[in-house]
Amino acid sequence: MLNHNLAVLQTWLALSSVRGLGASRLRRLLAHASPELLLDFPDARLSSLGLTPEQIHLFRSNAKRHSPAVEQWISASTHRHIISCQCAEFPSQLNEAPSAPVLLFVEGDLGNLLLPQIAMVGTRNPTPGGMAAARNLTQELVAKGFVITSGLALGIDAECHRCCVDLGRQTIAVLGSGLANCYPRRNQLLARRILETGGTLVSEFLPDVAPRPEFFPMRNRIISGLSLGTVVVEASVRSGSLITARYALEQGREVFAVPGAIHNPAVAGCLHLIQQGAKLITCAADIEEEVRWQIPVSSKRLSPDRSLPRPPLLDNVGYESTSIDEIVANSGLALTDVMQALLMLEMAGEIESVPGGYVRARRD
Numbered sequence: 001m002l003n004h005n006l007a008v009l010q011t012w013l014a015l016s017s018v019r020g021l022g023a024s025r026l027r028r029l030l031a032h033a034s035p036e037l038l039l040d041f042p043d044a045r046l047s048s049l050g051l052t053p054e055q056i057h058l059f060r061s062n063a064k065r066h067s068p069a070v071e072q073w074i075s076a077s078t079h080r081h082i083i084s085c086q087c088a089e090f091p092s093q094l095n096e097a098p099s100a101p102v103l104l105f106v107e108g109d110l111g112n113l114l115l116p117q118i119a120m121v122g123t124r125n126p127t128p129g130g131m132a133a134a135r136n137l138t139q140e141l142v143a144k145g146f147v148i149t150s151g152l153a154l155g156i157d158a159e160c161h162r163c164c165v166d167l168g169r170q171t172i173a174v175l176g177s178g179l180a181n182c183y184p185r186r187n188q189l190l191a192r193r194i195l196e197t198g199g200t201l202v203s204e205f206l207p208d209v210a211p212r213p214e215f216f217p218m219r220n221r222i223i224s225g226l227s228l229g230t231v232v233v234e235a236s237v238r239s240g241s242l243i244t245a246r247y248a249l250e251q252g253r254e255v256f257a258v259p260g261a262i263h264n265p266a267v268a269g270c271l272h273l274i275q276q277g278a279k280l281i282t283c284a285a286d287i288e289e290e291v292r293w294q295i296p297v298s299s300k301r302l303s304p305d306r307s308l309p310r311p312p313l314l315d316n317v318g319y320e321s322t323s324i325d326e327i328v329a330n331s332g333l334a335l336t337d338v339m340q341a342l343l344m345l346e347m348a349g350e351i352e353s354v355p356g357g358y359v360r361a362r363r364d
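Residue numbers for the sequence shown, in the working numbering: 1 to 364.
Certain hints may be false.
[Stated by the list, open to error] With a straight-line Cα cutoff of 20 Å, these simulated SDA-like cross-link-like pairs (lysine to any residue) come out: (1) K279 <-> E289; (2) K144 <-> A261; (3) K144 <-> L314; (4) K279 <-> R246; (5) K279 <-> A266; (6) K279 <-> A268; (7) K279 <-> I262; (8) K144 <-> E289; (9) K144 <-> A132; (10) K144 <-> D286; (11) K144 <-> G356; (12) K144 <-> R360; (13) K144 <-> C283; (14) K144 <-> G332; (15) K144 <-> G198; (16) K279 <-> I295; (17) K144 <-> E346; (18) K279 <-> W293; (19) K144 <-> I324; (20) K64 <-> S77; (21) K279 <-> A261; (22) K279 <-> Q251; (23) K144 <-> A266; (24) K279 <-> N136; (25) K279 <-> R292; (26) K64 <-> E36; (27) K144 <-> M339; (28) K64 <-> L39; (29) K144 <-> V359; (30) K144 <-> A285.
Because the hints were derived from the structure by calculation, they are not lab data.
All chains should be modelled from the sequences, with the hints used to inform the complete structure.
If you want it as structure tokens, here you go:
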């Protein structure tokens with residue numbers, strides 16, 4: 001994290017604020033050195049790396065300035081963080097995307113960013129059927145140990161987040177504004193509930209930055225980049241959700257679409273995605289079977305305070321179907337921890353998911 005070294009943080013802020021340096025160019029530049037080292041490069045060297053004289057001047061002058069708004073935002077809470085693409089806390093899944101931001105502002109539990117995530121997005125004006133599908137899929141996915149990532153927008157996004165907090169489960173919201181300028185305002189209470197239930201808010205923008213139309217497509221690449229796959233629940237052919245799906249494809253991630261009636265304009269975007277090769281899904285199992293191979297067997301995706309002793313939990317799963325409620329009761333662990341550990345044990349081939357719960361895998 002950069003929180004604890006304000007001088008280093010300022011060099012990152014200075015470089016990332018230089019006009020004309022998009023995420024891809026910044027990443028190519030950072031392949032040569034960190035910002036604090038780049039600051040010591042002579043102008044001729046920086047010029048050879050593609051910076052114009054104006055950009056070099058901006059970088060050097062910005063590095064000498066303080067960012068009181070940023071410093072104030074960080075100091076207001078121990079749960080606020082700034083992480084760079086060179087920090088260990090930066091999610092590797094997102095770091096693989098060449099257009100990913102080089103800085104993330106995070107409020108809440110950093111460990112959530114390292115957990116297996118599924119993005120769920122959709123229209124801001126959903127039908128009752130779309131809302132029901134979003135809630136049912138969310139419930140099934142979190143029961144399998146996935147963290148739901150979305151964009152805090154009205155409609156499908158908010159319903160997925162709301163379902164998670166109603167269940168007392170963590171969720172990740174990526175904003176198209178600064179974290180101190182939560183948008184849409186109607187979802188500010190939902191954002192607070194996300195934090196209260198152990199979730200996480202994420203943005204690439206300075207905390208006090210107001211939302212702008214062009215920021216939302218930028219936000220979408222983070223949503224898809226953090227996730228193993230993107231689920232489009234309900235969307236028109238001109239929906240921003242299709243932008244998220246396109247980013248997912250560009251990042252080499254899975255795209256899933258919930259089907260609907262062919263004459264319903266609210267699902268026309270989903271049907272288009274299915275025609276283009278997205279997987280038609282009706283339940284969480286359809287998603288899990290496509291992404292499970294991408295989840296590392298090691299427990300490194302568990303945040304340190306959530307790592308579980310494997311043998312004691314495994315002892316609570318029998319060779320006949322054992323319900324999740326039984327496992328929780330017998331292990332004495334929290335439901336969230338149990339679900340994450342069960343997912344890891346299933347990925348390791350120690351247990352199998354069956355109707356009604358889990359069974360111990362039989363060894364030949």
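Exercise. Holds or violated: are the alpha carbons of K144 and M339 at most 20 Å from each other?
Worked result: holds (6 Å)
Exercise. Holds or violated: K144 with G198, Cα cutoff 20 Å?
Worked result: holds (18 Å)
Problem set entry | Pairwise hint evaluation, A285 against K144, where the allowed Cα distance is 20 Å at most | holds (9 Å)
For this session: Compare the distance between the alpha carbons of K279 and R246 with 20 Å, and conclude whether the hinted pair is satisfied.
Result: holds (14 Å)
Exercise. Does the structure keep K144 and A266 at a Cα separation of 20 Å or less?
Worked result: violated (28 Å)
Exercise. Does E36 lie within 20 Å of K64 when you go C-alpha to C-alpha?
Worked result: Holds. K64 to E36 sits at ~12 Å (cutoff 20 Å).
For this session: Starting from K144, check that the Cα of L314 is at most 20 Å away, please.
Result: Holds: K144 and L314 sit about 16 Å apart, inside 20 Å.
For this session: Decide if the proposed pair is consistent with the structure: K144 and A132, CA atoms, cutoff 20 Å inclusive.
Result: Status holds; Cα separation ~19 Å.
Exercise. Under the criterion that the straight-line Cα-Cα distance not exceed 20 Å, is the pair K144, E346 satisfied?
Worked result: With Cα atoms ~10 Å apart, K144 and E346 stay inside 20 Å; holds.
Exercise. Is K144 within 20 Å of E289, Cα to Cα?
Worked result: Distance of about 12 Å is within 20 Å: holds.
Exercise. Does A268 lie within 20 Å of K279 when you go C-alpha to C-alpha?
Worked result: holds (15 Å)
For this session: Take the C-alpha atoms of K64 and L39, compute the straight-line distance between them, and say whether it is at most 20 Å.
Result: Given pair K64, L39 holds - Cα atoms ~11 Å apart, limit 20 Å.
Hint compliance for this structure: hints 2, 20 and 23 are not met, and every other hint is.
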